[in-house]
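Student: On the provided structure of chain E, position chain Z as indicated by the hints.
2 protein chains.
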Amino acid sequence: MRAIRVKTASADYPVIVGGNILAHFGYHLRKLNGKSKPRIYILTSPEIWSLWGRQLLESLPADQQPATLFLPPGEQYKRLTQLERLATELASAGADRSSLLIALGGGIIGDVGGFLAAIYMRGIDYIQIPTTLLAQVDSSVGGKTGVNLTSGKNLIGSFHHPRAVFADVDVLRTLPARELRAGLFESIKAGIIRDPRLFNFLERNRETILACDPTALKRVISASVQMKAEVVGIDERESGLRMILNYGHTIGHAIEAATGYKKLLHGEAIAWGMLTATHLSRTRGLLPEKDAARIEKIIHAYGPLPGFRARVPELIDAAGRDKKNKSGTRRFILASAIGSAVVVENVTDTEMISAIEYTLGLAAGARE
Amino acid sequence: MRAIRVKTASADYPVIVGGNILAHFGYHLRKLNGKSKPRIYILTSPEIWSLWGRQLLESLPADQQPATLFLPPGEQYKRLTQLERLATELASAGADRSSLLIALGGGIIGDVGGFLAAIYMRGIDYIQIPTTLLAQVDSSVGGKTGVNLTSGKNLIGSFHHPRAVFADVDVLRTLPARELRAGLFESIKAGIIRDPRLFNFLERNRETILACDPTALKRVISASVQMKAEVVGIDERESGLRMILNYGHTIGHAIEAATGYKKLLHGEAIAWGMLTATHLSRTRGLLPEKDAARIEKIIHAYGPLPGFRARVPELIDAAGRDKKNKSGTRRFILASAIGSAVVVENVTDTEMISAIEYTLGLAAGARE
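Protein chains in written order, with my numbering: chain E, 1 to 368; chain Z, 1 to 368.
Since no wrong hints were added, every one of them can be taken at face value.
Identical chains share a label here; the pair holds if one copy fits it or two copies do between them.
Below, in silico cross-link-like pairs of lysine to any residue (SDA-like), each with a Cα-Cα straight-line distance of 25 Å or less:
| id | residue 1 | residue 2 |
| --- | --- | --- |
| 1 | 37 | 320 |
| 2 | 37 | 329 |
| 3 | 37 | 346 |
| 4 | 7 | 239 |
| 5 | 37 | 238 |
| 6 | 31 | 239 |
| 7 | 37 | 241 |
| 8 | 35 | 1 |
| 9 | 323 | 81 |
| 10 | 263 | 307 |
| 11 | 35 | 61 |
No wet-lab data here; the hints were simulated from the structure.
Same shape as in the complex, but just chain E:
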């Protein structure tokens, strides 16, 4: 078991990475809370609860049994109407400012649970127990929470850090293989933008990792979280460095929007977006050919990436609505080496169009 410390201007909390954590959750909670015994509320999905609920309940003492709130699976429930329903349920169940919310589930549960904790009575404590690899290596760490508008994803939200994150590799045993691979693209991103050793490890241990070997997974999760913790520690509010975490995300989000959030998993869309950003980085002579080739190779090796179809203008248009953009400037994250990313503001329309056309060509040839 490893504890990685996330330390920012406004928060300081551990991300615990290990095996068999859920079964001993009561012990971890006691360690975290000391003598105080807050009322506990759990936000989860029916599916995750049927898999792991019993283990969690059994690990908690009789006088601290939680109330459970449910969010159905699917991006369409990541909305303010659900948040209002959940907050009303919290109020009816007697939650007060000293209560503790636990978000047990994938990225959507984490985002909605974190946001619910951020705005219920102007902020209560919460804990993340991410149950997908994607949530463990990425979304559960860093305090970004939120919901979607019809106008765009995560347009409503807060920065609200959890008290702790528990990433249990044993929970990943029940994760579909495709979701495991999709999550690994965020770890590949972590390697590209800041951790060449993690990149090497992912290159060399593909089979072990995809076979869900606990030791290999712990290594990958810890390194990914460590990278993110460092970046968020330096730039909590995404005014500078933190933007590099969005490598592949500008186009990735645009692809998700263009395909109606249905065809591709988030990680897969990000992988396509990383191919776009890598191509652009190489074409402008920023990224050495050798590095670009290694990045492309590893992304395909952790595939196959499902194909999709989209039109250049709709991707350009969706990318223009990216939250990173400020007063009309287009911001884009490029790679300059394996382990190094930069934020640029001078990507031209021609470069964008050419990189997107390259990606759409690949995507049209891939199996949908």
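Tutor: The following block gives chain Z in isolation, referenced to the frame of chain E:
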């Protein structure tokens, strides 16, 4: 013109109190923003906009004309559904992270506007231009923002401080007399809990103040804001001292709930709540009789308070759901002198019932 500085752990901003501010708003904005020219969005009510919109627009340069968002008047619009609509309008109108929201209106506009700014793209800058006395002396300062649930008022929200607050006494000219008096009850509260000089001033200058004399009003507003700024500076998140700002509010909120938020203005309900808290403070021998009598006298002098009817159990019950309560403990703010308040946790049911019965007796005799 006076600038009162609010300085907390997370924010540092001025509250400008003076006359003729709206007409020179463009100048104030330039002073605040320096060279940067953010896109401006104004949240207001149709009524306030028809009174003051033109003056505001004319004070802004041609290249910084704002887009306007409207919230209809009334507590029933202080809800997440309206927030979702407003956020969607911001997105359609191209608001990004560097945009500036201006909340021009009373307390509801301020609360909703502040919350909208808190959660749009995880937080954008905003400015408060409160147009009621209540909002000028109280709700616009301190960073509390939020909306209601059916389960209770302000159960959803954030702490999000404005970049600046502009309290223009000239705007109060169009305020109905009853609303002016209701706002003054928060200034009376400021005197009771922390500022005996303000209390004296309010006692001695009732006529001038109620006649809307600008000099007297500036004095009252500045002192009230100064008091709140000090308290919030010491305890931003209401973990201790800040709770004293809730003098009269526990029962006041319960009365509002029991009368369906219709019969009484917020300030009037708080005035009834202060009479309850004052009675309780005197009965347990904490507050000298002489001070209690002065408090009662000033509250009635700034009346008349409209009467209402309610039942003891429903007020007790509503007071039990107060956000200040923690893990089942009932918190209550009492006065120990004019200028001094304390937070206690040992108010008995008998004391509560007796103080509420006393208040209900007065309220039943008052004209509705």
